[in-house]
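Taking this note's numbering, the leading residue of the sequence shown gets 1, the next gets one more, and so forth.
Simulated from the structure, these hints should not be mistaken for lab results.
Ideal placement from N, C-alpha and C gives every residue a C-beta, glycine not left out.
Keep in mind that the hints are not guaranteed to be accurate.
Derived SDA-like pairs (lysine to any residue); straight-line CA-CA distance at most 25 Å [unchecked claim]:
#1 K522 with P650
#2 K750 with N109
#3 K33 with K522
Label pairs and their computed distance ranges (CB to CB) [said to hold, decoys possible]:
#4 T542 with W715: 54 to 62 Å
#5 K404 with N109: 55 to 63 Å
#6 G772 with G349: 15 to 23 Å
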Amino acid sequence: MRPNTPLNKLPFYVTILLGGLIILLTLKSYTSKLNGPDVPSCRVVWMYPSYIKINSFDQSHTKYASKYSIYLYREQGRDKLPPEGSGDDVAGMELEGVPVLFIPGNAGNHRQARSIAARTSELCDDLKNVNKCKTKLDFFTIDFNEDFTAFHGRTILDQAEYANEAVKFILDLYSTRPTPPKSVIVIGHSMGGIVARIMMTLADYLPNSIKDIVTLSSPHSTSPLTFDGDLSTIYSAVDKFWYCGFTNCSITSTTSKLNLLSSMAHDRLHNVALISITGGALDSTLPADYTTLGYLVPKTNGFTAFTTGIPQVWTPIDHLAVVWCQQLRTRIALALLELTSLRDTATLGDRMRVYERYFLTGFEDYAVEDKRAPVVFKKDVFGKEKGEKKMVVTVEEDVLYTGKLLRSLNVFNLDKDKDYQFTLVSRVPLQSIISDNKEAQLGVGLFNEGGDDSILDLSSLQATIPNFSKDVTDVSDSSYDGPESPMYNLVLNSTILKRYSNIVITKPKDEQPEFYCQLSTKPTNYTMSNNGGVLSWFKFFTVGQSISLPATRPIVSNLKIPQAWSSLYVYKLKFTGKGHSQLEGEYFNTLIRQWTEDPFESKWYININRNRDEGLQLTMHGIAPYVPYKIQSDYGLNLQIWSGNKDTKPLDINVSIDIVASLKLLILRYRITIVGINIAIICMVLMLQLSWFGFNGVYPSFDSTLRYLNVNYWWVIMGVLIILNYIINIPLVNKLLHYIDPVVLTDYNKFVINEEESGFKSNELYLGLSQGLTIIGVLLYLCCNFIIWITYAALMLLGTILNYVVVKLYPIRLKIRSKGVKSVLIKLQMYLMVCVLLLIPWYLPYQIVYLICCIYQATNALKNWPSGTKSIEVSGEEEEEKPKAETVFNYQVSWLILMLWILPINVPILIVFIHNLQINWTTPFSSHHNLLSILPILLMTYYNSNIVKEKRSKKKIGGGEFPQLSGNTIKLIQLILGYIIYYSLCYGSRHTFYLHHLFNLLCCLIWIVFYSNESTIGEEGTGDKEGGLELKLS
């Protein structure tokens, strides 16, 4: 059957339709209604800001003073303003607070500091009434003129250098105080958090000037954009510095340079606390996986906190709202104010305990271990003498007690041969077991009957949880400024309880606090079956996996879902069978806490019965593409389930993958990968076009070749994309591919994670996945195939319109027959080209010239636009003679499409350069001045403009418009194209910038081949020698 018959074209139409359908479903998923804890609930904020520019921080302090500036924030009516007559400067102003420096992110501005700064002033004034705020915070904020730090490596270094000089200047403002502060608290939003980390690696960093860094939605684990090689190098160097600062790379290193780096990094970082706060699933600008600290910072010096789990915040937050969300800014302000009270004497451990108390859920193991539980005397609880001993009630195991059923003094007896779980849920916070006046309060303690005269008071181990009473409708109702008060929870497992013989619960005599408690001996942990294998995964993707929790489960039980470990999927949970009847409890409705261990993320689901028919959508941040993850055998999503019934019943649960909803997460994490796959597909088309051109001298159209590719090779492409991920995850292959990457070979700063030393693993190749076989590559190919077809269709539509306007409606033709005029035009072109080339080494980035080349290539295609619409098809039959003009046109269009998809790699640098011109930053552009990075592309584009479309001799095997290409020459070009395909797939996601250089190499090779054959073309003649040069002007 002929390849161009409608039936044989069916695979092409199927791939296009599937790609379009996937994109439509993805758009639909972006507009779908959010579910449960993924619904935003930030409250509106109010403030009265004023910004005082510090004019004295000028060129004498930093060379960037003409581009950047620094302001002091003052809340009107609350903060002290400069004295009258001092102008807008604060140099003579007496500052009494603790300095805080706010660093904005990509395209951010200094005004973003106002929300947190205003809240700290408000709370400090309120807390002064109870003598809990003795020192205010002075917020300084940097104006980076909305620089694009995520686009350009040199820009982010400039900002870090300026910020270091600003820190020195700020500390100098306090020098007249008796005890001036020696360090500045740094808050960074988005890329501002990365600027803060870079500051500590630079030579102008003032030692010990930064001890606390709080970042908001900052991409610590990997760069959000990979279009700039300098930014990639900076990320790698900074990661190496921070890793070696805590891990001491000098132990495993034999190089003196790395030993020196490790020593310097340790000196600068050992006392630094770094807290990364992320908004979770609602952040569609930056995947929350990128904000994790992972291997960079140990838990003794920092952690990642998700706003969905931060007590009394309990809401996801988008990328911009994270700086103004009322609940979060209140939590940050309270933490900073408490730090100021400890600042003079606080150790790293003291500061970390403050951060853990304010930003962690309280359920983390390492957070609980770090809390210091006080001790009280038994005699103060039970009475001193026998006659004075208080009445003690012994309570039973496996019974759910309410506050009304317990007395003022209650004891559980523990059998060390049993495994227990003790749970207490209360509407009021736990207090110390004994008050200052020796009266009982609501509290819990542990003691040994025959041990010393002490009771471990556990009130400090309680966790604040959302109010899940029956009349509460949303998690945010009990967050800051909500209508409801939060609730409190204490869970003790057998690891703690086996050390003691008794649990004591006290409550006040005259009050009846509402609480529930239970000491359970029943199993508390359940795991959903995971048989592994393809069939198990297929079932999980379709009908899902099910489990029935028994009626004997305790008030709080935990369900582990080992299949749910990837950040790429949305999981759907449904209560099946008789599970609906268990959602409404006798004492309280069912509550679910979704959590993962590393990174530690929590989400709360209340009033589940409202969504019991639709089910719950679970999103998580576990193992994510291109992000280092902890090497462990125990992965999976956990569901902690609170049941409020005295007599429980079995609970049937089904968990599956919501494929349509997952498409949103897929595209969010593979936005850059799409550029690389598009380039790979275009290069495949070019390879087939060259093969056909070498076979019969005819250059086929782009769309017919794309159809031919999908009709004849779809099964090969999809098979390779499926198997490639499996091959890449073979350790030996992965390591080999990593070390033969040209970027790694040429970048000595490229940091490679030592898996054995760090305990973390990362995969930056292809899809960045740790699993074996996957169809994600096929899904991306279908999307990219559709996008490329749309690109071609849009170009043809636009070109047809322009050609119709220029040729049919308003025909404008310049026929230049004079050899003198033609010579002048050619010289003018050459002069302009030389001027541009001379500007590249010292002022213009080569990306500007690339944009010019794209426009030039577009005019090349318009010049050769055919008068007819018939295209050259790829088929197995002998081709008839086609118009040579159409052959030239097909070549020009294919080359233009490739250049247009290389263009996104260069656009970010263009934006940075234009922005610098806009703000009158006349300093020469400090990177991207390699002339050789653009010269071959420029020469190739210029050569394309001189390819004429007149008919040539039929004797010419190459088609007349192109030089003769031997079979070996075509194979050489195809070899380069093949390498670009390989690089685009394997490395294109994380080293996208290098695709420009490979395209530049391709242009160099083709230009040499074409130019070396120009003399042969000249001998064949060019048709009508008196015709002159014809141009169409649009």
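Hint check:
Of the supplied pair hints, the one linking K522 and P650 holds, its CA atoms being roughly 14 Å apart against a limit of 25 Å. For the proposed pair K750 and N109, the alpha carbon gap of about 31 Å is over 25 Å, so the pair is violated. Proposed proximity of K33 and K522 is contradicted: the alpha carbons are some 39 Å apart, above 25 Å. At roughly 24 Å, the beta-carbon separation of T542 and W715 lies outside the given 54 to 62 Å, and the hint is violated.
Range check, K404 to N109: about 56 Å between beta-carbon atoms, so the 55 to 63 Å window is met. Between G772 and G349, the C-beta spacing of about 43 Å breaks the proposed range 15 to 23 Å.
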